[in-house]
Amino acid sequence: MEIQLFRIDDRLIHGQVVIGWAQHLNSNTIVLCDDSVAANEWEKELYLSIVPNHLQAFVIKATDLLKELKNQNNNWGKTIILVDSPFTLEKLVQNNEKFPRINVGGIHFKDGRKELLPYLFLDDGEIQCFKRLMAKGLDFFCQDVPTAKPVPLKRLLDKQ
Amino acid sequence: MSEVILGVVITHGDLACSLSKVSEKLVSSQVKLHCFSTQVLSSEEIIRKINNEIATQKPQRILIFVDLMGSNCWIIGNKLKHEHSDKTAVVSGANVPMLVSYLINAPRLEWEALLEKIVADAKKGIVLR
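First to last, the protein sequences are chains A and B. For reference, each letter of the first sequence is one residue, going 0 to 159 in numbering that gives the first Met the number 0. For reference, each letter of the second sequence is one residue, going 0 to 128 in numbering that gives the first Met the number 0.
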């Protein structure tokens, strides 16, 4: 079954995800795919501590998620998968696994990034990475919260 | 003042600076608050800016006010607490009574008493009639 929501969000698990999207979609599981958080027990506990009791949550490495995505027995229909950047997504896009339209929920400002939307700032490397993923057939829509209007990422990148 | 405290407010939207300005105006205190919004800046960038303040001011204590427990602001606060654990506290549910209490009491109370006082005053400010 198709993944309910695949989201790129540099804030990982936070209010927009657990209050906004999980409630809106009636999700039951959040999977945070992040090698750095998965390797740090303290940080993993910090993120898991903010997940409400009615949701299951897991923190896993990209290599482990890749194995799970290949397992045809897994049901992703009520699952939100979170990654922090297009680079993590790129690690997961290998063997034509079927991805839904990817939600770009937020990548925020730091030096070197330019503004595309109030919640989306990208540097040249990130733009090139998104373009590589689009060339592989992935489709992206930008939307921080469920009530916001979705914006196709391609339209923003075509202007760059 | 018993100790030099760096007071930092981190919230969603414009709330941090609005809360800080309103509270500072009410109290006319010499104690200052440093406000940060998560609206535009990445968590990494906010942490970097606060660490710069810490390096410049060399406070003995760091008190981080955030608006919502479990939010990205709270995550940032906790990452800073992890980095500066022995001298840092994170308090969620920041409101005007909490910040006013901090501005009034920071110069006169010891750290533990100050933390208890600001939390009590924040709760006291919530009244249903």
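Fair warning: there could be bad hints in the mix.
In silico DSS-like pairs for lysine-lysine, Cα to Cα no more than 25 Å straight-line [to be verified]:
(1) B:K48 <-> A:K113
(2) A:K97 <-> A:K113
(3) B:K78 <-> A:K60
(4) A:K43 <-> B:K123
(5) A:K158 <-> A:K113
Just so you know, the hints here were simulated from the structure itself, not pulled from any lab data.
Results of checking the hints against the structure:
Using a Cα cut-off of 25 Å, the hinted pair K48 of chain B and K113 of chain A holds, with the two alpha carbons roughly 19 Å apart. As the CA atoms of K97 of chain A and K113 of chain A are separated by approximately 30 Å, the hinted pair breaks the 25 Å bound. Restraint check for K78 of chain B and K60 of chain A: satisfied, since their Cα atoms lie roughly 20 Å apart, inside the 25 Å limit. In summary, the hint linking K43 of chain A to K123 of chain B is not supported, as the alpha carbons are separated by about 34 Å, beyond the 25 Å threshold.
For the suggested pair K158 of chain A and K113 of chain A, the alpha carbons sit about 13 Å apart, so the restraint of at most 25 Å is met.
Checked against the numbered hints above, the structure breaks hints 2 and 4 and satisfies the rest.
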